[in-house]
Amino acid sequence: YGAPTPISQVANVQILDSRTISIQPWEKSMLALIERSIMAANIGITPQNDGVNIRLFMPPLTEERRRELFKKASGEGEQSKVAIRNIRRDHIEQVKKLQKDGMSEDICKGAEDSIQALTDKHIALVEKHLEAKEKEIMTV
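Counting the sequence shown from 1 gives a position; this note's numbering is that position plus 373.
In case anyone wonders, no lab produced these hints; they're calculated from the structure.
One thing to keep in mind: the hints can contain errors.
Keeping only pairs whose Cα atoms sit at most 27 Å apart, straight-line, the calculated DSSO-like set for lysine-lysine is [as the list claims (entries may be wrong)]:
{"hint": "1", "residue 1": "K506", "residue 2": "K482"}
{"hint": "2", "residue 1": "K445", "residue 2": "K501"}
{"hint": "3", "residue 1": "K444", "residue 2": "K494"}
{"hint": "4", "residue 1": "K494", "residue 2": "K454"}
{"hint": "5", "residue 1": "K454", "residue 2": "K482"}
{"hint": "6", "residue 1": "K508", "residue 2": "K494"}
{"hint": "7", "residue 1": "K454", "residue 2": "K444"}
{"hint": "8", "residue 1": "K482", "residue 2": "K470"}
{"hint": "9", "residue 1": "K454", "residue 2": "K501"}
{"hint": "10", "residue 1": "K469", "residue 2": "K454"}
{"hint": "11", "residue 1": "K508", "residue 2": "K445"}
{"hint": "12", "residue 1": "K482", "residue 2": "K494"}
{"hint": "13", "residue 1": "K506", "residue 2": "K494"}
{"hint": "14", "residue 1": "K445", "residue 2": "K506"}
{"hint": "15", "residue 1": "K482", "residue 2": "K469"}
{"hint": "16", "residue 1": "K482", "residue 2": "K444"}
Label-pair ranges, simulated between beta-carbon atoms [claimed, not checked]:
{"hint": "17", "residue 1": "G417", "residue 2": "E504", "range": "18 to 26 Å"}
{"hint": "18", "residue 1": "K469", "residue 2": "L389", "range": "30 to 38 Å"}
{"hint": "19", "residue 1": "V383", "residue 2": "K473", "range": "47 to 55 Å"}
{"hint": "20", "residue 1": "K494", "residue 2": "R428", "range": "42 to 50 Å"}
{"hint": "21", "residue 1": "K482", "residue 2": "F430", "range": "54 to 62 Å"}
{"hint": "22", "residue 1": "K482", "residue 2": "R428", "range": "55 to 63 Å"}
{"hint": "23", "residue 1": "T435", "residue 2": "K469", "range": "18 to 26 Å"}
{"hint": "24", "residue 1": "K401", "residue 2": "G448", "range": "34 to 42 Å"}
{"hint": "25", "residue 1": "D463", "residue 2": "R440", "range": "46 to 54 Å"}
{"hint": "26", "residue 1": "K469", "residue 2": "M431", "range": "46 to 54 Å"}
As the structure is a computational prediction, the values presented were derived from the model and not from experiment.
Where a beta carbon is used, it is the ideal one built from N, C-alpha and C, also for glycine.
Work out the full structure, taking the sequences as your base and the hints as a guide.
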């Protein structure tokens with residue numbers, strides 16, 4: 374309807390078998406939009422439109438495809454770490470602004486240390502999840 378909408382809010386999504394997904398839009402006019410969106414997502418799957426449903430046939434996971442999926446997961450993990458670091462930067466800037474406005478240097482230093490500790494903790498979580506995802510993807 375002009376805005377990005379999850380497929381589940383405009384269609385029935387069914388898993389037909391281990392490698393086939395069927396999408397049946399509630400409105401026939403959504404077929405072409407859903408098909409274009411799937412192709413634009415660049416996920417390596419070509420949708421097949423039969424006029425009523427869209428079928429997605431998942432390719433078998435070859436070693437090359439597994440590496441490709443892990444590369445995508447690594448990219449997402451890196452984006453998450455960058456977002457965490459940006460949040461750290463914004464909050465440290467706020468602390469420095471408070472210090473200029475008269476807050477004690479000791480309190481500001483403690484706040485910066487706390488922010489850094491939280492940043493380290495959450496980056497470690499992202500790395501842990503990424504490592505688990507790599508094992509999951511690369512396991513045959």
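Each hint tested on the structure:
Annotation: proposed proximity of K506 to K482 is violated, straight-line Cα distance about 36 Å (limit 27 Å). For the given pair, K445 sits about 16 Å from K501 by alpha-carbon distance, which is consistent with the 27 Å threshold. Pair hint K444 plus K494 holds up; C-alpha atoms about 23 Å apart against a cutoff of 27 Å. The straight-line distance between the Cα atoms of K494 and K454 is roughly 11 Å, inside the 27 Å bound, and the hint therefore holds.
A distance of roughly 23 Å separates the Cα atoms of K454 and K482; the hinted pair therefore holds under the 27 Å criterion. The hinted pair formed by K508 and K494 meets the criterion: a straight-line CA distance of about 21 Å does not exceed 27 Å. Proximity of K454 to K444 is assessed by CA-CA distance (about 15 Å); at most 27 Å being required, the pair is judged to hold. Distance hint between K482 and K470 is fulfilled; the C-alpha atoms sit about 13 Å from each other, no more than 27 Å.
Of the pairs offered as hints, the one joining K454 and K501 holds, with about 12 Å between alpha carbons and a cut-off of 27 Å not exceeded. With a CA separation close to 23 Å, the supplied pair K469 and K454 stays within the 27 Å bound. Distance hint between K508 and K445 is fulfilled; the C-alpha atoms sit about 14 Å from each other, no more than 27 Å. About 18 Å separates the Cα atoms of K482 and K494, which keeps this hinted pair within 27 Å; it holds.
In summary, the hint linking K506 to K494 is supported, as the alpha carbons are separated by about 18 Å, within the 27 Å threshold. The suggested pairing of K445 with K506 holds, with an alpha-carbon distance near 11 Å, which does not exceed 27 Å. Taken as a hint, the K482 and K469 pair is honoured in the structure, with Cα atoms around 9 Å apart against an allowance of 27 Å. At roughly 38 Å between alpha-carbon atoms, K482 and K444 are farther apart than 27 Å, so this suggested pair is violated.
Remark: the range hint 18 to 26 Å for G417 to E504 is upheld by a beta-carbon distance near 23 Å. The supplied range of 30 to 38 Å is broken by K469 and L389, whose beta-carbon atoms lie about 57 Å from each other. The supplied range of 47 to 55 Å is met by V383 and K473, whose beta-carbon atoms lie about 51 Å from each other. One distance hint, 42 to 50 Å for the beta-carbon pair K494 and R428, holds here, with the actual separation near 43 Å.
Distance hint check for K482 and F430: the Cβ-Cβ separation is about 58 Å, which falls inside the suggested range of 54 to 62 Å. The hinted window of 55 to 63 Å between K482 and R428 holds, with their beta carbons roughly 59 Å apart. For T435 paired with K469, a C-beta distance near 51 Å fails the hint of 18 to 26 Å. Checked against the given bound of 34 to 42 Å, the beta carbons of K401 and G448, roughly 36 Å apart, stay inside it.
Taking 46 to 54 Å as the suggested C-beta distance range, the pair D463 and R440 does not conform, at roughly 35 Å. Between K469 and M431 the beta carbons are some 50 Å apart, a value that agrees with the proposed interval 46 to 54 Å.
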